[in-house]
Amino acid sequence: MNQEQEDKGILYLCATPIGNLEDMTFRAVRVLKEVDLIACEDTRNSVKLLNHYEIKTAYTSYHEFNKYDKGRVLIEYLKAGKNIALISDAGMPGISDPGEELVKMCIEEEISVTVLPGASAFVLAAVLSGFSTREFVYEGFLPKDKKEIKSLLEGLKDCTKTLIFYEAPHRLLKTLAVFYEYLGDRKIALAKEITKRYETIKRTTLKEALDFYKENPPRGEFVLVIEGADKKVLEKEERQKWETLSIEEHMEYYNSKGVNKKEAMKLVAKDRGISKREVYKLLLEKEEP
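Offset between the sequence shown (1-based) and my numbering: plus 213.
Think of the hints as simulated: they come from the structure by calculation, not from any bench.
Cβ atoms here follow ideal geometry from the backbone N, Cα and C, with glycine treated the same way.
Hints should not be assumed to be uniformly reliable.
Lysine to any residue pairs mimicking SDA-like chemistry, simulated, CA-CA at most 25 Å apart [said to hold, decoys possible]:
#  : residue 1 : residue 2
1  : 359       : 390
2  : 295       : 276
3  : 363       : 375
4  : 427       : 393
5  : 246       : 235
6  : 261       : 381
7  : 363       : 418
8  : 374       : 349
9  : 470       : 484
10 : 427       : 353
11 : 479       : 462
Just the calculated beta-carbon pair ranges, DEER-fashion [claimed, not checked]:
#  : residue 1 : residue 2 : range
12 : 417       : 292       : 48 to 56 Å
13 : 293       : 320       : 14 to 22 Å
14 : 236       : 454       : 44 to 52 Å
15 : 295       : 387       : 39 to 47 Å
Sequences and hints are given; from them, build the entire structure.
This is the structure we're talking about:
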């Protein structure tokens, strides 16, 4: 940190509980008491947390609808050497909330930003789902525009990574129907009330989830964790696509792209799920009178 940065304040990204107040860390409570100002996504929600931990620090609102104007005010406050803690309604600020904009502004102004770790709903839901967490794609809420939804889901259709989304109860049925249309009937885990008394994880399929929530109107905010596309099925479909071509047509496809014969044989073998020796043998057989 250079001298100019030392003269400025620090922005603390402070994770808060997503349901159970006992998930607040000792460090987070201490920092919230020590900073000069707390920027809250919704002061009406945050005041419950602050009162619970007897945090008397001054607070102000910072949300989606004032993130640019209030953001500039907060930046000036930080430049004056004051420290600010940013908290969202629940979980980690900066994840599907306006906090990311304030972080960008701090970086541009060379203001130090640090993070106080804690709960994040999509990470907890991924772990509880039982699906692979080696690789996953977090998309947050679906866009509202139908064309954007189509573009997004068509791009994810063949993605073998676990997919994670947020959704509100009044849109859940429509969202499940859209997933079923573009992704097919695959496994899904629907998580809500994580860390709370009535925590529920419904592990089912998209079709079964649709049928269930048509009969049982959904309540509460959901995290939707969808199993990635089956790699073996995709490979089989890819092989079937190539098998509609003759071995010569397949070779010609790569030759027309400037690929030499030796390399083209390797690619053809890979596409068809056979060995290069088999490709060579088939080509020889075709050449024989």
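Hint check:
no.: 1; hint: 359 - 390; result: 13 Å, holds
no.: 2; hint: 295 - 276; result: 20 Å, holds
no.: 3; hint: 363 - 375; result: 19 Å, holds
no.: 4; hint: 427 - 393; result: 14 Å, holds
no.: 5; hint: 246 - 235; result: 17 Å, holds
no.: 6; hint: 261 - 381; result: 22 Å, holds
no.: 7; hint: 363 - 418; result: 21 Å, holds
no.: 8; hint: 374 - 349; result: 5 Å, holds
no.: 9; hint: 470 - 484; result: 16 Å, holds
no.: 10; hint: 427 - 353; result: 23 Å, holds
no.: 11; hint: 479 - 462; result: 15 Å, holds
no.: 12; hint: 417 - 292: 48 to 56 Å; result: 51 Å, holds
no.: 13; hint: 293 - 320: 14 to 22 Å; result: 18 Å, holds
no.: 14; hint: 236 - 454: 44 to 52 Å; result: 49 Å, holds
no.: 15; hint: 295 - 387: 39 to 47 Å; result: 44 Å, holds
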